[in-house]
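A.B. asks: Chain by chain, the residues:
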Amino acid sequence: MIGQLAIAFPANLGPIYLPALVPYIALVIWLGFVLTILPGLIWIERVVIALMQDRSGPNRVGPRGLLQPTADVIKLFFKEDVLPENVDVRIYYIAPVIAVILAFAACGTLVLDAIPFVDAEGRQFTVPLTVGDVNIGLLYILAMASLQVYGIVLAGWASNNKYSLLGGLRASAQVISYELAMGLALLCAILMAGSLRLGDIVEAQATRLPFPGAPEFLRGSILAWFWLGTGLIPVVLYTIAMVAETNRAPFDLPEAESELIAGFHTEYSSMKFAMFFTSEYVAMLTVSGLNAAVFWGGWLPPLNVAPFTLIPGVLWFIIKVMMGIFLYTWLRATLPRLRYDALMALGWKRMLPLALVWLFVLAGANLALERRASSAPLPTPEAGAIVPRMRSTGGPASITGQPPASAEPGPQTPVPGSMEAPASNGAP
Amino acid sequence: MITTEHYLVLSAILFTVGTIGVLVKRNPIVIFMCIELMLNAANLTLVALGRHFGQVNGQMYVIFALAVAAAEVSVGLGIIVAIFRTKETINIDEVNLMKF
Amino acid sequence: MLILFWILALTCVGASIAMVVTQNPVRSALYLVITFLCVAVFYVMLSAQFLAAVQIIVYAGAIMVLFLFVIMLLNLGAPQALRERGTLQPFFAAVLGTAFVVMLLLSNSLVALSKVRPAAPPEVYVPLGTVEGIGKNLFDPKQPWILPFEITSILLLVAIVGAVIMAKRRIQDHTP
Chain R
1 MIGQLAIAFP
11 ANLGPIYLPA
21 LVPYIALVIW
31 LGFVLTILPG
41 LIWIERVVIA
51 LMQDRSGPNR
61 VGPRGLLQPT
71 ADVIKLFFKE
81 DVLPENVDVR
91 IYYIAPVIAV
101 ILAFAACGTL
111 VLDAIPFVDA
121 EGRQFTVPLT
131 VGDVNIGLLY
141 ILAMASLQVY
151 GIVLAGWASN
161 NKYSLLGGLR
171 ASAQVISYEL
181 AMGLALLCAI
191 LMAGSLRLGD
201 IVEAQATRLP
211 FPGAPEFLRG
221 SILAWFWLGT
231 GLIPVVLYTI
241 AMVAETNRAP
251 FDLPEAESEL
261 IAGFHTEYSS
271 MKFAMFFTSE
281 YVAMLTVSGL
291 NAAVFWGGWL
301 PPLNVAPFTL
311 IPGVLWFIIK
321 VMMGIFLYTW
331 LRATLPRLRY
341 DALMALGWKR
351 MLPLALVWLF
361 VLAGANLALE
371 RRASSAPLPT
381 PEAGAIVPRM
391 RSTGGPASIT
401 GQPPASAEPG
411 PQTPVPGSME
421 APASNGAP
Chain U
1001 MITTEHYLVL
1011 SAILFTVGTI
1021 GVLVKRNPIV
1031 IFMCIELMLN
1041 AANLTLVALG
1051 RHFGQVNGQM
1061 YVIFALAVAA
1071 AEVSVGLGII
1081 VAIFRTKETI
1091 NIDEVNLMKF
Chain V
2001 MLILFWILAL
2011 TCVGASIAMV
2021 VTQNPVRSAL
2031 YLVITFLCVA
2041 VFYVMLSAQF
2051 LAAVQIIVYA
2061 GAIMVLFLFV
2071 IMLLNLGAPQ
2081 ALRERGTLQP
2091 FFAAVLGTAF
2101 VVMLLLSNSL
2111 VALSKVRPAA
2121 PPEVYVPLGT
2131 VEGIGKNLFD
2141 PKQPWILPFE
2151 ITSILLLVAI
2161 VGAVIMAKRR
2171 IQDHTP
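Residue numbers (the numbering used here), protein chains in the order written: chain R, 1 to 428; chain U, 1001 to 1100; chain V, 2001 to 2176.
Chain R extracted, bound-state conformation (with noise of 0.2 Å):
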C-alpha cells in the first residue's frame, strides 16, 4: 500500500461525499460475509476434523455432505421450543439474545481495508474500510467479548441445572483469566504501533522494516508485521487467549460433555441453541479478525510485488480470518481438552507472566531504538510510528504510506490537538 495508490476512487461523486458512505460499506461487507459463511463454518469444519481424523465426515445430504448445514438449520428451525421447569424464564429468554447481539457488536471497529480516495483539488487519502473508526478501536472490541461472557453466566444460571450452573461458573473465571494475557499481547502490538486505531495498527505494519536495514522490498511484507515484530510470543499468548476467550476446543469447559453434558447451554433447544451456536461462531470470526489485524497485517498482501498487490485487501483479510478458523479447527482435533485447575494454572502462572516479562523486554528494546533513532540525523520510521497522530474524528484519515512528518524530534514535541495546553491551565 506504500505510494502505490494507482487506483483512487473520487471522494465526490455528484453531491455524495463517498467517504461517509464508507462505514456502511464496511457493515454490509463484514455482515455479509459473516452471515453467508456461517453455515459453512459448520461444514468446513467438519469435513477438516474429519479429514485430519481420517474419517469421511458428513456426506449423506447432497454432493459431499455440502448441503448439511442446510439440512441442520432446518432442523434447528422446526425443532420445538422446550421451556424447562422452575427456570428464571426472563433471563432464560434473554441470555441467548445477549449472547447473539454482543457478538455481532464485537465486530463494529474491526478494519476490512483502506479504501483510497483522491478529492476535488487531487490529494489522495485513505479511509479505513471500518464501521466505527473511533480511537479505541481496539479497546471496544476487548470490552464486547469481555461482556459476551453474560450471555454464558446468565444462561448456566437460568437454567436451574447444576451442569448449566457448573458450566457458567466455569465460563466466567475462564474468560476473567484469559482477558489478562489476551490483553497484555495485545498491548505488545499497540506499544509497536502507538495507537489503539486498528487502521493505525495495520498501516504501522505496512510502513515498517523487518529489522534496520532491511531491503526496501520487505516494507510492509510478511516478515514486518508484528506477529514476528512483537518477537513472536505475543501472538501465541494472543492465539490460546483467543481459543480460551471463545471457550472452544481444548478450553471448551464451559460446554465439556463428557462431564457437563452440555453445559451452560444443557437445557436449551431449538432456536435459542442455535443463537448460542451463532454467537459462538460469530466471536471466533471477530477475534480471528483482531488477530489478522494486530499481528498479522489486516488487509496488506505478504509481499509488495504484483500476484499478491492484484487481490483487493478485504480478501485478503479474509483469507486471514479463514486462517484463523482453520488453526481452531486444527486445535480442536488434535488436543485433548484441559482439565479445570490445568486451565487455570496456564492462564495465571504461566502466559500472565510471560507476557508482563515480554512487554517489559519491548518497551525496553523499543526505548532504545527510540533513543538511537532520535540521536541520528534521519528517524527510522519506527520511531516515526510511535509519535501518537492525533486526529479529528469525521474529516479525511491522514495520507498512507507517508510517515508522519513530526517523527524528526522525537515524541515529546507538543502534537497540534494534544491536551496539554488546555490541561495545565487550572480551574477558571
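I should point out that these hints are in silico values taken from the structure, not numbers from a laboratory. These numbers were taken from a predicted model, which means no experiment stands behind them. Glycine residues also receive a C-beta, built at the ideal position from the N, C-alpha and C atoms. One or more of the hints may lead you astray.
To be verified - Computed footprint of chain V on chain R, listed as stretches where at least three residues anywhere in the stretch have a Cβ under 8 Å from a Cβ of chain V:
1) 32–38
2) 59–65
3) 119–133
4) 145–151
As the list claims (entries may be wrong) - Away from chain R, derived, C-beta distances all over 12 Å, residues of chain V:
5) ILE2007
6) ALA2052
7) LEU2096
8) THR2098
9) ILE2151
10) LYS2168
Guided by the hints, dock chains U and V onto chain R, whose structure is given.
C.D. replies: Relative to the frame of chain R, chains U and V by itself:
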C-alpha cells in the same frame, strides 16, 4: 440542551440510591454493588465537571477510582467468601463478631 | 441529544432503583450492569471515550462478572443463605433518600456552578478523553499523576495478595 447540571443531578440521584441500598440491604454482596454504584455516581460527577472546565484532570481521578474499586472488590469478595465458609451465612445481621 | 440523555437517565435511575428493590442478587447484579452501561454512554456523551471503554471492560466485564461468580458460588452451597427479611426500613430509607435528593437540588453548589461558563458548549466534541490525551496527561512530569499511578500499582498488588489469602483454605480444613 444538556447542561452540566443535568449530569450533576443525575449523579446525585444515583448516589442517593446507592446510599439507601447500603443502609437497607442485608446481603453484603448487594451492599458492595451499592457502593460500586456510589463510586460510579462520583465518577460521573468528576467527568461532567472536568468537561465543564475543559480539563482532563477530572478523568484522571476516575482512572484511579476505577483501580481502587477493582482492588476493593477483589478483597471484599474474598472476605465474603471467607465469612461464608466459616459461618455458613453472609447475612450481615448475623455476622456481628470481629472474631469467631 | 437531549432525548437520548433523558432516555438513558431514566433507564439508569430505574435500573439502580430496581437493583436496590429486587430481592434476587443475580437480578441486582444485572440491573447494576445496565446502570454501568448507561454511565458508559454518558461518558461518551461527555467526550471521555477512553473512560467509557475502560468502564465497560473493568466494571461490566470484570467486576460484575466477579460478583456474579461469587453469587453463584455461594448459591451452590446453600440456596436459602441469601434471603432477605422484610422490615419497615425501606419505607424510611425512601423518605430520607427523597429528602436528601431535594436537599442536594436546593443546595448552593448548583447555583454557583451556573455562574461559571462551560469551557465548550455541551454539544461540541472536545478531544479530551482520547487515549492520547489521557496518556500524555497521566505521564506528564509537570502533572502530579505519576506518583499516584505508582501507588495504585502497589495497591493493586496488595489487593491481589489480600484476596488470595482471604480465599485460601485454612490449614485446619485439611485436617478435620
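A.B. asks: Hint by hint, say whether it matches the structure.
C.D. replies: Taking the hints in turn, this is what the structure says about them:
For the stretch 32–38 of chain R, the stated coverage by chain V is violated: 0 residues have a C-beta nearer than 8 Å to a C-beta of that chain, whereas at least 3 were required. With a threshold of 8 Å between beta carbons, the proposed coverage of the stretch 59–65 of chain R by chain V is violated, since 0 of its residues qualify and at least three are required. With a threshold of 8 Å between beta carbons, the proposed coverage of the stretch 119–133 of chain R by chain V is violated, since 0 of its residues qualify and at least three are required. Beta-carbon proximity to chain V at under 8 Å applies to 4 residues in the stretch 145–151 of chain R; the threshold of 3 is reached and the given coverage holds.
For ILE2007 (chain V), the non-interface assignment is confirmed: its Cβ lies about 18 Å from the closest Cβ of chain R, beyond the 12 Å cut-off. In this structure ALA2052 (chain V) is not separated from chain R by more than 12 Å, as the shortest Cβ-Cβ distance comes to only about 8 Å. Chain R leaves LEU2096 (chain V) outside its interface by the beta-carbon criterion, the shortest separation being 31 Å against a cut-off of 12 Å. With a closest Cβ-Cβ approach of about 29 Å to chain R, THR2098 (chain V) is found to remain outside the 12 Å limit, as its non-interface label requires.
Even its closest Cβ contact with chain R, about 19 Å, leaves ILE2151 (chain V) beyond 12 Å, as expected for a residue assigned away from the interface. Distance check for LYS2168 (chain V) against chain R: the nearest CB is about 14 Å away, which clears 12 Å, and the non-interface claim stands.
Of the hints listed earlier, those the structure fails to meet are numbers 1, 2, 3, 6, in rising order.
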